[in-house]
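All letters in the sequence shown, in the order written, are residues 1 to 757 by our numbering.
These are calculated hints, taken from the structure and not from any lab test.
Ideal placement from N, C-alpha and C gives every residue a C-beta, glycine not left out.
Check the hints yourself; a few may be wrong.
Per label pair, the in silico range of CB-to-CB distance [to be verified]:
hint, residue 1, residue 2, range
1, 40, 144, 19 to 27 Å
2, 295, 184, 47 to 55 Å
3, 78, 385, 51 to 59 Å
4, 157, 276, 42 to 50 Å
5, 83, 235, 39 to 47 Å
6, 77, 40, 32 to 40 Å
7, 18, 77, 43 to 51 Å
8, 385, 58, 48 to 56 Å
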Amino acid sequence: ARVIRELAAAHPGEVVGQFHPHNRGIAAAWRTGTDAARGGHVALLDADLQYQPEDLLRLWRVLREQSVDVVQGWRSPVGRERDSRYHLSRGFNLLLNAAFGMKLHDNKSGFVCAAREVMLDLLTHRGPYHYPQSFIMVAAHARGYAYREIETLFAPRKQGQSFLDGQSYRAAARSLVDLGRAVGEYRLATPPHDVAGEFLDRHRVERPEPPSRAAHPVRWRAYMSSFEATHWMITRDVERQVETLNATQWLTPSQLRDLQDEKLRRLVRHAYRSVPYYRHRMQEAGLRPEDIRTQDDLPKLPYLTKADVRRHLYFDIMAEGVDHDDILRVATSGSTGEPFVCYVDRRQLEFRWAATLRSQEWTGYRLGDPSVRLWHQTLGLSARQAWQERADARFVNRTHVPIFDLTPDRLDAMVALLAERRPVLIDGYAEAFDYLAQYLQARGRKGRPPRALMSSAQTLPRRSRELIESSFGGRVFDKYGSREFSGIAYESDAHDGHLIVAEGYIVEVLVDGRPAAPDEVGEVFVTDLNNRCLPFIRYRIGDLAQGVDHRPSPCGRGLPRIGEIQGRVQSIIQGTDHRWVPGTFFAHALKEFDHAIRQYQIVQDTVGAIRFRVVKGGRYSDDVIEECQRIIRRHLGHDLRIDLEFVDRIEMVRTGKRLASMSTLTIDFQRDGDRLRTNTSAPGGLGRLGSIWSFPIMRVIVTGSEGFVGRHLRAALRARCCQVRGLDRPGTGAEVECDLSDPALDPAALARALGPA
Numbered sequence: 001a002r003v004i005r006e007l008a009a010a011h012p013g014e015v016v017g018q019f020h021p022h023n024r025g026i027a028a029a030w031r032t033g034t035d036a037a038r039g040g041h042v043a044l045l046d047a048d049l050q051y052q053p054e055d056l057l058r059l060w061r062v063l064r065e066q067s068v069d070v071v072q073g074w075r076s077p078v079g080r081e082r083d084s085r086y087h088l089s090r091g092f093n094l095l096l097n098a099a100f101g102m103k104l105h106d107n108k109s110g111f112v113c114a115a116r117e118v119m120l121d122l123l124t125h126r127g128p129y130h131y132p133q134s135f136i137m138v139a140a141h142a143r144g145y146a147y148r149e150i151e152t153l154f155a156p157r158k159q160g161q162s163f164l165d166g167q168s169y170r171a172a173a174r175s176l177v178d179l180g181r182a183v184g185e186y187r188l189a190t191p192p193h194d195v196a197g198e199f200l201d202r203h204r205v206e207r208p209e210p211p212s213r214a215a216h217p218v219r220w221r222a223y224m225s226s227f228e229a230t231h232w233m234i235t236r237d238v239e240r241q242v243e244t245l246n247a248t249q250w251l252t253p254s255q256l257r258d259l260q261d262e263k264l265r266r267l268v269r270h271a272y273r274s275v276p277y278y279r280h281r282m283q284e285a286g287l288r289p290e291d292i293r294t295q296d297d298l299p300k301l302p303y304l305t306k307a308d309v310r311r312h313l314y315f316d317i318m319a320e321g322v323d324h325d326d327i328l329r330v331a332t333s334g335s336t337g338e339p340f341v342c343y344v345d346r347r348q349l350e351f352r353w354a355a356t357l358r359s360q361e362w363t364g365y366r367l368g369d370p371s372v373r374l375w376h377q378t379l380g381l382s383a384r385q386a387w388q389e390r391a392d393a394r395f396v397n398r399t400h401v402p403i404f405d406l407t408p409d410r411l412d413a414m415v416a417l418l419a420e421r422r423p424v425l426i427d428g429y430a431e432a433f434d435y436l437a438q439y440l441q442a443r444g445r446k447g448r449p450p451r452a453l454m455s456s457a458q459t460l461p462r463r464s465r466e467l468i469e470s471s472f473g474g475r476v477f478d479k480y481g482s483r484e485f486s487g488i489a490y491e492s493d494a495h496d497g498h499l500i501v502a503e504g505y506i507v508e509v510l511v512d513g514r515p516a517a518p519d520e521v522g523e524v525f526v527t528d529l530n531n532r533c534l535p536f537i538r539y540r541i542g543d544l545a546q547g548v549d550h551r552p553s554p555c556g557r558g559l560p561r562i563g564e565i566q567g568r569v570q571s572i573i574q575g576t577d578h579r580w581v582p583g584t585f586f587a588h589a590l591k592e593f594d595h596a597i598r599q600y601q602i603v604q605d606t607v608g609a610i611r612f613r614v615v616k617g618g619r620y621s622d623d624v625i626e627e628c629q630r631i632i633r634r635h636l637g638h639d640l641r642i643d644l645e646f647v648d649r650i651e652m653v654r655t656g657k658r659l660a661s662m663s664t665l666t667i668d669f670q671r672d673g674d675r676l677r678t679n680t681s682a683p684g685g686l687g688r689l690g691s692i693w694s695f696p697i698m699r700v701i702v703t704g705s706e707g708f709v710g711r712h713l714r715a716a717l718r719a720r721c722c723q724v725r726g727l728d729r730p731g732t733g734a735e736v737e738c739d740l741s742d743p744a745l746d747p748a749a750l751a752r753a754l755g756p757a
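Please model the entire structure based on the sequences and the hints provided.
Spelled out as structure tokens, the structure:
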């Protein structure tokens with residue numbers, strides 16, 4: 001203590017002493033010092049100077065050059081006295097290696113260097129240990145940190161006296177008790193790499209029993225007991241994942257963000273250490289893992305594109321040292337004309353399964369309830385996988401109905417099957433739901449309504465949602481996802497946006513590189529926090545959506561939300577007057593003509609021209625087609641060339657998707673975002689109304705006296721350009737909805753009607 005005080009006085013601000021009023025042990029001293037440290041990295045060195053201070057540089061060099069999380073100096077036998085303490089220590093090291101599957105020379109060595117944040121994590125334990133310092137490397141191993149050890153000299157003590165002198169055997173007995181507790185903590189209670197589970201240990205939240213397990217306990221236990229027989233790649237660990245996700249959804253938004261940041265830091269360290277592609281890109285940008293602390297630092301990293309993955313897939317973007325038996329090849333449907341292949345690991349697949357079940361439970365479904373999937377059941381599966389898929393479906397009471405190549409006979413059979421099965425949940429492509437809903441409506445058929453319909457794979461326009469709900473009699477829960485990640489965001493029972501699966505994904509919605517506002521449309525970028533074999537960091541997925549809203553959801557969950565999904569960047573259609581529309585525009589603009597147009601598709605290969613492919617409906621007329629063309633030209637330019645093409649059907653791809661619009665033109669939403677948006681300002685200070693991306697709704701706040709506001713709202717209503725959602729406060733303001741897809745609406749009508757306001 002005297003030496004520390006002298007050094008602190010001689011080097012104020014550089015040496016800071018931390019003192020305990022009485023001896024609390026080595027581990028407590030480590031924790032106090034690490035808590036007080038102000039640097040990014042921490043080294044532990046005993047004050048008796050048996051470890052050589054000069055070796056600190058060697059530990060630091062290995063930490064930096066080998067890109068590991070923890071470096072330990074193990075005590076060399078050279079020059080060491082081979083007394084009873086030496087042999088007891090060696091024996092205990094063998095026990096630790098055997099108990100935790102490690103191969104270290106000297107688990108108990110306290111000569112350690114790591115990032116401060118990592119060290120704090122390693123020093124956190126549940127507890128009560130006699131000698132917690134013995135398990136610092138066990139903690140590193142169990143929590144998934146990469147570590148190295150280097151041989152260091154261990155000299156005779158130069159200062160003080162060991163508290164173990166004369167009581168080696170008593171200490172050994174206590175160490176055995178500690179070992180039993182450590183097995184419980186690091187092997188049984190929290191599996192390795194369970195960052196979310198460890199986070200919940202530090203941030204208590206009520207963990208209600210997972211709904212499916214509570215509703216059907218016998219079926220659940222039987223299902224989990226046979227789970228690995230009916231699945232490939234994934235294990236019964238999904239049960240723990242389900243329990244964890246059932247709790248983390250109730251964390252506060254700030255806590256969820258902290259969890260994401262913790263997983264992000266680990267992911268970036270792993271990518272830098274084990275993936276040459278990321279290490280090279282970060283070095284080019286002058287970045288090291290410690291430069292990425294939170295999501296606010298993500299813009300420092302470059303985007304990852306599909307082209308990057310294709311180019312580097314079999315070269316340097318796969319992580320080194322991964323277990324190939326735990327990796328699954330995933331191929332997309334190639335609906336954009338370019339099939340895409342990536343790889344995911346078992347941990348990510350198990351997370352997918354658990355997140356999917358959680359989202360299904362939001363609808364009121366419980367595993368074991370009768371359900372139907374309008375999906376391809378065995379397409380692309382091996383014979384064994386197909387058998388496992390069928391066995392799993394039978395176990396959970398799920399029926400698959402293939403939905404590509406639909407014919408009237410198939411539709412009749414499908415309707416009969418739905419009536420027979422009486423499902424609680426129907427899950428399928430939005431296009432399949434829409435097609436089947438039209439069929440039911442045309443024939444006036446309606447069976448027992450399901451509790452919920454989960455729509456996915458394509459955008460879901462409001463009119464389609466209303467048609468599906470009225471035809472089936474159940475509520476629609478929309479899902480946003482991709483083959484690379486499975487479900488990214490889901491609607492909950494509040495139906496107020498799509499809740500992001502934040503425990504596994506960081507979603508950015510960007511315009512010109514900046515975050516889009518919650519009511520603004522931008523391009524979606526996804527960072528997968530779980531997949532280690534091929535990390536997806538700031539992955540440019542190619543979709544458009546309304547910006548992320550971090551406010552708590554009305555359903556009470558702390559998960560952030562994204563708004564309406566606007567389709568793919570490849571679905572954007574370019575006009576002749578520098579205006580652009582997303583693919584969802586056509587669903588709204590042509591919604592009144594379903595009596596004359598059964599199916600349609602917009603295709604653009606050339607600037608200034610589109611192909612309008614049409615399947616004629618029962619009340620088709622040339623006048624209707626001319627009106628459709630007028631509406632399209634109103635928004636995309638009066639000199640737009642429209643080539644009509646009448647066809648018998650719009651083909652689905654093999655997985656059952658039908659593309660409503662597709663373009664082969666190159667569009668960079670981050671470079672051209674401002675140019676793609678058209679803002680409308682009105683006289684009198686109304687200001688920015690929004691952009692053409694705000695389909696189907698544009699929201700405006702109008703303020704003024706009660707009579708003033710009411711007068712101009714009535715004018716807007718007479719102009720058929722808006723609906724009033726309701727006054728925020730009488731006499732103060734109103735929130736106005738403007739449906740830009742109304743065929744009678746000139747986009748400037750709202751500005752003219754509300755101009756004086």
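*Could you check the hint for me, namely that residue 385 and residue 58 are 48 to 56 Å apart, CB to CB?*
About 50 Å separates the Cβ atoms of residue 385 and residue 58, which means 48 to 56 Å holds.
*Should the hint that residue 40 and residue 144 are 19 to 27 Å apart at their CB atoms be regarded as holding?*
Hint holds: Cβ distance 20 Å, inside 19 to 27 Å.
*Given a hinted range of 51 to 59 Å, is it respected by the beta-carbon distance of residue 78 and residue 385?*
With a Cβ separation near 55 Å, residue 78 and residue 385 satisfy 51 to 59 Å, so the hint holds.
*Between residue 83 and residue 235, does the beta-carbon spacing fit 39 to 47 Å?*
The hinted range 39 to 47 Å holds for residue 83 and residue 235, with Cβ atoms some 46 Å apart.
*residue 157 and residue 276, beta-carbon distance inside 42 to 50 Å?*
About 44 Å separates the Cβ atoms of residue 157 and residue 276, which means 42 to 50 Å holds.
_Is 47 to 55 Å respected by the C-beta to C-beta distance linking residue 295 and residue 184?_
violated, 34 Å
*Measuring from beta carbon to beta carbon, are residue 77 and residue 40 in 32 to 40 Å?*
With a Cβ separation near 33 Å, residue 77 and residue 40 satisfy 32 to 40 Å, so the hint holds.
*Status of the given 43 to 51 Å range, CB of residue 77 versus CB of residue 18*: Since residue 18 and residue 77 have Cβ atoms about 33 Å apart, the given range 43 to 51 Å is violated.
Of the numbered hints stated above, those contradicted by the structure are hints 2 and 7, listed in ascending order.
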